[in-house]
Structure formats: structure tokens, C-alpha cells
Amino acid sequence: SAVISQKPSRDICQRGTSLTIQCQVDSQVTMMFWYRQQPGQSLTLIATANQGSEATYESGFVIDKFPISRPNLTFSTLTVSNLSPEDSSIYLCSVGGERGTGELFFGEGSRLTVL
Amino acid sequence: QKEVEQNSGPLSVPEGAIASLNCTYSDRVSQSFFWYRQYSGKSPELIMSIYSNGDKEDGRFTAQLNKASQYVSLLIRDSQPSDSATYLCAVNWGSGNTPLVFGKGTRLSVIA
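Those sequence lines, one after another, are chains A and B. Counting from 1, position 89 in the first sequence corresponds to residue 89 in our numbering; the numbering is continuous, with no gaps. Residues are numbered in our numbering as their position in the second sequence, beginning at 1, plus a constant of 1000.
Read the hints as simulated data drawn from the structure, not as lab findings. In this text, all values refer to a predicted model and were calculated from it rather than measured experimentally. Any given hint could turn out to be false.
To be verified - Partial list, computed: chain B residues near chain A (C-beta under 7 Å): (1) Val1013; (2) Ser1032; (3) Pro1099.
For glycine and all other residues, C-beta sits at the position ideal for the given N, C-alpha and C.
I would like the entire structure built from these sequences, with the hints used as guidance.
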């Protein structure tokens, strides 16, 4: 499976600021997926990031709040804007397996705490 | 609305016993099914995948799929304290590289 690196691994931010999370993959992938895991909850898909096109957002997530960049086939960023304490979560980048059989692999996650 | 349901637990089993984790899903038109293990503070780790009805075994883990009943399960034999984690069931309703829908997870505690 691909090696997926996320930065930062954790951060503490003030209300009203923004945080950009980086995801680097060691191989070229068509699609990257950004998930959020709120405390004690399961994973919720934020958006699908395709290289060369706008990200596709899930219901309840909007581009102004969660802008995503996908400049090439190995890299993506997720920005969480205008932070509030409700944004305190783990944000996870994921990619599909090389065999294309449906499994996803995850980065280490970025733990965000908003004060 | 595609949904994946799991009992949140906690499920407590003694060391050496069989742990049985269950998952149901809402839509028959589903392609593939996965079990992830997530230790506290860590990201999910894929442990099993299953694509067709029946059982699939990998070491101490057995995944079972019944598409007619929309039911998938994970059995862990000879449970160890190191198996204590949250187990997430995930379903892919697409094909190839499409996102997964996750259940809320079942927290398993193996008591030594």
C-alpha cells in the first residue's frame, strides 16, 4: 500500500484562524479522500479530491469552510477555515489501494484542537 | 441514504475467547466490505476485506458476508489484550477507488 504522510500531526489553534493540513503520497493516485473524525465518532467523508478538477464535497461540507487543493497526483491540502471549537477533530487523508479493489489506506491523521 | 450500523459496545471478552463483531448495511447494491482496526489516538488500519458471500479467513480473523441479509461480521479467535481497539466496518457502494461509508465502530476490550 502507498505511504501517506500528513502534516501537522497535531495543532492547537485559536478561534477564527485557519489551519492547512498537507497530505503527501509516495505514489501517484487519481483520487484522494478527506475524512473527519470527531471525538468518539466514526469517520465522515468531507470531500473527494481529484487532480485537475474541483473537489467534490459531501452534504454538510462547503468549499468556503473546507477549501481543498490538489496540484498534482501525489499531494493535496485541506484547509479548515474560520475555526470554532466544533472543528476540533482528527482529519484524515486517504487513498485507494493499488489493486483498485475498494479498500482505502489512511495517513496518520492530523489532530486539531480549537480553543 | 447509505448507512452502516454497528453496536458501539463496549464488547468485553476474556483472553483466549472468540470476539464476534457485527455490522449491517442499508443498501443491497454494495460491492465490497472492509474491517478496520483503530487503536486509540491512531488512524484506522485495514485488517480484512470481503467481496463475496461466505467466510474469509486470515490468521485469527474471519470475515463473514451474507448479502441477502445485508450483514457482515468479524470473528477474532484466541483474542489477545492487544486486540483491544475500536473495530470499524466500512462499505464501498461504488467500484474501484470510491469513498467508503463507515459505521460508528465497536469498541472491543479483551480482558487478561
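Here's how the hints hold up against the structure:
no., hint, in the structure
1, Val1013, "violated (22 Å)"
2, Ser1032, "holds (4 Å)"
3, Pro1099, "holds (5 Å)"
In summary, the one numbered hint that this structure violates is 1.
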